[in-house]
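Undergrad: Fit chains B and C to the supplied structure of chain A, relying on the hints for placement.
Protein chains in written order, with this note's numbering: chain A, -3 to 287; chain B, 1235 to 1519; chain C, -1 to 444.
For the record, the hints were derived by calculation from the structure and aren't laboratory data.
Cβ atoms here follow ideal geometry from the backbone N, Cα and C, with glycine treated the same way.
Among these hints, one or two may not hold up.
Straight-line alpha carbon distances no greater than 35 Å define the calculated DSBU-like cross-link-like pairs of lysine-lysine that follow [stated by the list, open to error]:
{"id": "1", "chain 1": "C", "residue 1": "Lys304", "chain 2": "B", "residue 2": "Lys1375"}
{"id": "2", "chain 1": "C", "residue 1": "Lys267", "chain 2": "B", "residue 2": "Lys1263"}
{"id": "3", "chain 1": "C", "residue 1": "Lys239", "chain 2": "B", "residue 2": "Lys1375"}
{"id": "4", "chain 1": "B", "residue 1": "Lys1287", "chain 2": "C", "residue 2": "Lys239"}
{"id": "5", "chain 1": "C", "residue 1": "Lys267", "chain 2": "C", "residue 2": "Lys257"}
{"id": "6", "chain 1": "B", "residue 1": "Lys1386", "chain 2": "C", "residue 2": "Lys257"}
According to the in silico footprint, chain B covers these stretches of chain A (three or more CB under 8 Å from chain B) [as the list claims (entries may be wrong)]:
{"id": "7", "region": "80 to 92"}
{"id": "8", "region": "121 to 128"}
Residues of chain B placed beyond 12 Å of chain C at every Cβ, according to the derived structure [as the list claims (entries may be wrong)]:
{"id": "9", "residue": "Val1281"}
{"id": "10", "residue": "Phe1361"}
{"id": "11", "residue": "Leu1363"}
{"id": "12", "residue": "Leu1379"}
{"id": "13", "residue": "Glu1422"}
{"id": "14", "residue": "Tyr1432"}
{"id": "15", "residue": "Ile1435"}
{"id": "16", "residue": "Trp1461"}
{"id": "17", "residue": "Thr1470"}
{"id": "18", "residue": "Leu1503"}
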Amino acid sequence: MQQVNRVTRTKKMARLERRFGASDIFVYICLSLWALTTIYPLFWVVNNSFKVSRDVMNNSFRFASNPVMTNYEKAFDRINMGHSYMNSLIMSISTVLLVLIFGGLAAYVIARFRFRGRNVIYSLLVATLLIPTFATIVPVYELLIKWKLVNTYLGLILPHTSGNLAFAILVIAGFMATIPKDLEEAAFIDGCDRYKMFTKIFLPVSRPVFASASIFVFLWSYNDLFSSLIFVNKENVRPIVALLNEISSQYGTDFGLMASAVSLTVIPVMVVYLFIQRFIEKGLTEGAIKG
Amino acid sequence: MKGDKKYIFLFLFPAAVLMSIFIYYPFLKSIYLSFFRTKGFFEKKFVGFENYKRMFSDDLLGAATLNTLEIMLYVVIFQVGFALVLAVMVDSIKWGKAFYRTVFFFPIVISGAAISLMFVLIYNYQFGLLNSALSNFGMDKVLWLSETSALKAIAVPTVWHYVGFYFILFLTAMSKIPSDFYEAAKIEGISGFKKTVYLTIPLIMSDIKVVIILAITGTLKVFDFIWILARGQNGTEVLGTYMYKKAMIDLNFGYGSTIAVYIVVFGVLLSVLTNRLLKKEEVTY
Amino acid sequence: MGKKSKMLMALSLVFVLILSACGSNNGNKGAATNAPKETNAPTTEATKEPAPEPVKLRVFSTFGGTDPAKEAFEKVLKQFTDAHPNVTIDNDVMSANDDGFRTKVNTDMNSGNEADLTFYFIGKDAEGFVNAGKVVPLNDILDSDSAWKDGINPAVLELVKQPDGKIMSIPVTGYYEGMFVNKKLFADNNIELPTDWDKLEAAVKAFAAKGIIPISAPFDQSHYLIEHSILTAAGPESQSKALTGDIDPNWELGLNGLKKLYELGAFPKDAATIDLGMAQNYYYEGLAAMLIEGSWAIGGMSPEVKDNSTVIPYPVVPGGKGSGNDIVGGFGSGFYLAQKTFDDAKKKDTAIALLKHLTSKTSIQTIAQSNGGSPAADVEITGQPQVALDGFAMVSKANSISSAVDGKMSPETFTTIRSFIKPIVTGEKTAKEALEAAKKIEDANK
Chain A
-3 MQQVNRVTRT
7 KKMARLERRF
17 GASDIFVYIC
27 LSLWALTTIY
37 PLFWVVNNSF
47 KVSRDVMNNS
57 FRFASNPVMT
67 NYEKAFDRIN
77 MGHSYMNSLI
87 MSISTVLLVL
97 IFGGLAAYVI
107 ARFRFRGRNV
117 IYSLLVATLL
127 IPTFATIVPV
137 YELLIKWKLV
147 NTYLGLILPH
157 TSGNLAFAIL
167 VIAGFMATIP
177 KDLEEAAFID
187 GCDRYKMFTK
197 IFLPVSRPVF
207 ASASIFVFLW
217 SYNDLFSSLI
227 FVNKENVRPI
237 VALLNEISSQ
247 YGTDFGLMAS
257 AVSLTVIPVM
267 VVYLFIQRFI
277 EKGLTEGAIK
287 G
Chain B
1235 MKGDKKYIFL
1245 FLFPAAVLMS
1255 IFIYYPFLKS
1265 IYLSFFRTKG
1275 FFEKKFVGFE
1285 NYKRMFSDDL
1295 LGAATLNTLE
1305 IMLYVVIFQV
1315 GFALVLAVMV
1325 DSIKWGKAFY
1335 RTVFFFPIVI
1345 SGAAISLMFV
1355 LIYNYQFGLL
1365 NSALSNFGMD
1375 KVLWLSETSA
1385 LKAIAVPTVW
1395 HYVGFYFILF
1405 LTAMSKIPSD
1415 FYEAAKIEGI
1425 SGFKKTVYLT
1435 IPLIMSDIKV
1445 VIILAITGTL
1455 KVFDFIWILA
1465 RGQNGTEVLG
1475 TYMYKKAMID
1485 LNFGYGSTIA
1495 VYIVVFGVLL
1505 SVLTNRLLKK
1515 EEVTY
Chain C
-1 MGKKSKMLMA
9 LSLVFVLILS
19 ACGSNNGNKG
29 AATNAPKETN
39 APTTEATKEP
49 APEPVKLRVF
59 STFGGTDPAK
69 EAFEKVLKQF
79 TDAHPNVTID
89 NDVMSANDDG
99 FRTKVNTDMN
109 SGNEADLTFY
119 FIGKDAEGFV
129 NAGKVVPLND
139 ILDSDSAWKD
149 GINPAVLELV
159 KQPDGKIMSI
169 PVTGYYEGMF
179 VNKKLFADNN
189 IELPTDWDKL
199 EAAVKAFAAK
209 GIIPISAPFD
219 QSHYLIEHSI
229 LTAAGPESQS
239 KALTGDIDPN
249 WELGLNGLKK
259 LYELGAFPKD
269 AATIDLGMAQ
279 NYYYEGLAAM
289 LIEGSWAIGG
299 MSPEVKDNST
309 VIPYPVVPGG
319 KGSGNDIVGG
329 FGSGFYLAQK
339 TFDDAKKKDT
349 AIALLKHLTS
359 KTSIQTIAQS
369 NGGSPAADVE
379 ITGQPQVALD
389 GFAMVSKANS
399 ISSAVDGKMS
409 PETFTTIRSF
419 IKPIVTGEKT
429 AKEALEAAKK
439 IEDANK
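Chain A extracted, bound-state conformation:
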């Protein structure tokens, strides 16, 4: 038995070696080293969420061998945690959907149509990326007060959608720009108009970029504290970042609470990311490109 095992093992090893040349090993070493730098901070945050503030400040790199739950107790003390998660999801997912629909349409035009003013629009979009929130927040808040949208879901969804459109349009357009022309031409010959071309060709082929854009739009909308505090800071609509900020921001920062707040904030994003990641995978789009 043992003999056989050893034989199969050496066979396996040999096969493995054949499959992984020296360059593959080098690649895996590089990737794993980088992975260490990206995994450690997440561990660091979670680890510190089990410490009191003073220990975070002075012994943050030590393992929390005597974990304290006080931070989480304080966080869960707020009875409406679940409700805030719901608020966050409703607002961020609506934002993502609107951004994808409107951004996708606009990106299609910018990537595949030739018309005058296209470069101007492109520059305008880049400029939009640079406009700081503080420069828009007061007029937007005034508008929301006027339209009675303060402390409603739309009061955050609309500004967030607008704020993320520029990014989404640029990224999606960048992706669409190099989709092979023959696909388009074939569709044209088949009698597709521009709208059909969009839904039949560009939408399916661009699924990976829609997926990537949506995760970042979700992330930014979900994490945006500044607008949330001003536009939707009431219990019934308050998103989770604003709630967690409330428990961790006052009278000298409580770093333990901050770590637990970050941990609790990260969870939904990770779940959404794992879900969306499937769409970024190559296999899913392969068929569309060929067909």
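TA: Same frame as chain A, but now just chains B and C:
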């Protein structure tokens, strides 16, 4: 194509309306404010181009611009560079793709404030990780955030934090390259480094351009790390922190808006320049 | 054509779905929050009916989140609603540390969305909406109810008076600033407490030689260094004039005192880049012997550090005009009553009653008890650590109490001075240049 005009208008319309209401109109109001001397939220006095005159003679703004450009250099070379290399690597491996794609994303979900705190505790002079290690080896403590080194020290987390962002965008872009392209390349005997340079990169050039533009515009807004690690002291003031100080702390919205206008114009010029430089590379296939 | 309309339909359908999803979810609960605005309408009916009409009031304050007085404040609000069952209070809170705090309060004031009662900073910060007539001067209301007025310490009312004699807001608790010293570190190293400048210099030299940080303070957030330097060197009178007239050379003297201390090695090596939190941490962890801070710093101390600490006034630099017993302190925030509410016959009396309740002797005591601040009324606060009692004693023995100088100039002016601290102590710029630059900004802001 015939009838395109209708579609151009129709498809751009919803995005244009939303952005006009919630971004352009408010920002125009800000530009209007840049011609005023503001005092908090209630009083303002028209001063013409006074704020712009001040801007051109503002040494602090000049220094902040130079510091921003330095960080931008690191970002474009290292952040975008690492992201591209990692994406090419992950794209080439057979198993473990999903794992690396997931873990490389981790830093982005952690807020800048939390990452900054971690680096505060790494760089801290009195009891930081680096200096504790040094004193364990019997060496002298180093002031990591000194006048000469602070900006470079802060560039490390700034660059590292968002590598995963560009990594994912590159990986997304690569997913549109049909696999028969690679198969053809394989038959021709093109592989490894050559494949990347002659096949992959040209095919995702338009995405690379977008990434570089995102990197440039992102750097102009860099804020968290600088603010929390060094508060803009010791030669680390950048445009993001300087604007924040003027607008949010000093509540001088007039001058703050002027700086915002400056940043937008500066950023657009830089990206137009980048576009020009990369134009000839674009390939349609 | 048909395809286009189909697409539009699809688009609008998604849009409507999202809208309605939000709308329905919001409708039931949104009613509660939007209600204060709606109550404006049936004013005419209200006067006819004798039974107390339901009134909804919105109170905006900083007593939320992890604020030590959060529970106390909620208790005080509940007392009021228990006594007045017809009143519902919308307790709207936001931390004063948040970026959007000033923006939110001021935009609300500016757009007719102001809370009925707003707890906000007193002084320069409130100047905008006070001058714009958004809030009511409270002098007449105070004068008409002597029981309430007498409950509040008269000195406090004096402190919060505007230059024109109007009282716009009523504070609850106050603060003081001073030099916290670690008595144990001083005793262990046989060093005298820094009760005057020479002893301070001696202490700085002695601690620096032993590798202990003498004074924990950051250069960027150098608020307390500046406030104390200016007050002690220039005296309370010059301090209160701030930069309105010519620059008082004693201000320069005060800032140069910091340079002297820096040269003796008084500040942490990394003072340029740390923030206030880290400066406090050095003191809390026993790495630093002295900390220049406000009374709120006591809250973060461990019991051991509280026992080892006391607080003394910052000494006067040689040649300075201060008496050596002048301290920075005051009442930083208070309740404002909105003019809009005052003009609303239906809400006016209830809002005033609530204001009186929130600033009554017992409410002040309840809140001061939980946040350790100095109460605005003459009430006893029990269970405070010795260092807090030392602080109260320091305040009561002080020759003068001045509110911090940063409230007496525009924020930008004060930031300018702050940005010069590091160049001043390292000798790159002079204190004179700093004050001239600040004066220029202050004049431009007039």
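Undergrad: It remains to establish, for every hint, whether it holds in the given structure.
TA: Okay, the hints, checked on the actual structure:
1. Distance restraint check for lysine 304 of chain C and lysine 1375 of chain B: the Cα-Cα separation of roughly 30 Å lies within the 35 Å cut-off, and the hinted pair is therefore satisfied.
2. Of the supplied pair hints, the one linking lysine 267 of chain C and lysine 1263 of chain B is violated, its CA atoms being roughly 44 Å apart against a limit of 35 Å.
3. Taking the CA atoms of lysine 239 of chain C and lysine 1375 of chain B, the gap is near 45 Å; set against the 35 Å cutoff, the hint is violated.
4. Between lysine 1287 of chain B and lysine 239 of chain C, the direct Cα distance comes to roughly 30 Å. Compliance with the 35 Å bound is thereby established for this hinted pair.
5. Proximity of lysine 267 of chain C to lysine 257 of chain C is assessed by CA-CA distance (about 14 Å); at most 35 Å being required, the pair is judged to hold.
6. Straight-line distance between C-alpha atoms of lysine 1386 of chain B and lysine 257 of chain C comes to about 28 Å, which keeps the hinted pair within the 35 Å bound.
7. With 0 residues carrying a beta carbon less than 8 Å from a beta carbon of chain B, the region 80 to 92 of chain A misses the three-residue requirement, and the given coverage is violated.
8. Note: the region 121 to 128 of chain A has 7 residues with beta-carbon separation from chain B under 8 Å; the three-residue rule is met and the coverage holds.
9. With a closest Cβ-Cβ approach of about 9 Å to chain C, valine 1281 of chain B is found to fall inside the 12 Å limit, against its non-interface label.
10. The Cβ of phenylalanine 1361 of chain B does not lie farther than 12 Å from every Cβ of chain C; its closest approach is about 8 Å, which violates its non-interface assignment.
11. For leucine 1363 of chain B, the requirement that its beta carbon stay farther than 12 Å from each beta carbon of chain C is met, with the minimum near 14 Å.
12. For leucine 1379 of chain B, the shortest C-beta to C-beta distance to chain C comes to about 4 Å, within the 12 Å cut-off, and the non-interface label is violated.
13. Look at glutamate 1422 of chain B: its CB is around 43 Å from the nearest CB on chain C, clear of 12 Å, so calling it non-interface holds up.
14. Distance check on tyrosine 1432 of chain B: its Cβ is at least 40 Å (rounded) from any Cβ of chain C, clearing the 12 Å threshold; non-interface status holds.
15. Residue placement check: isoleucine 1435 of chain B keeps its beta carbon more than 12 Å from all beta carbons of chain C (closest about 36 Å).
16. For tryptophan 1461 of chain B, the shortest C-beta to C-beta distance to chain C comes to about 9 Å, within the 12 Å cut-off, and the non-interface label is violated.
17. Residue placement check: threonine 1470 of chain B does not keep its beta carbon more than 12 Å from all beta carbons of chain C (closest about 8 Å).
18. At the 12 Å boundary, the C-beta of leucine 1503 of chain B stays outside the reach of chain C, the nearest C-beta of that chain being 28 Å off.
In the structure shown, a violation is registered for the earlier hints numbered 2, 3, 7, 9, 10, 12, 16, 17, in ascending order.
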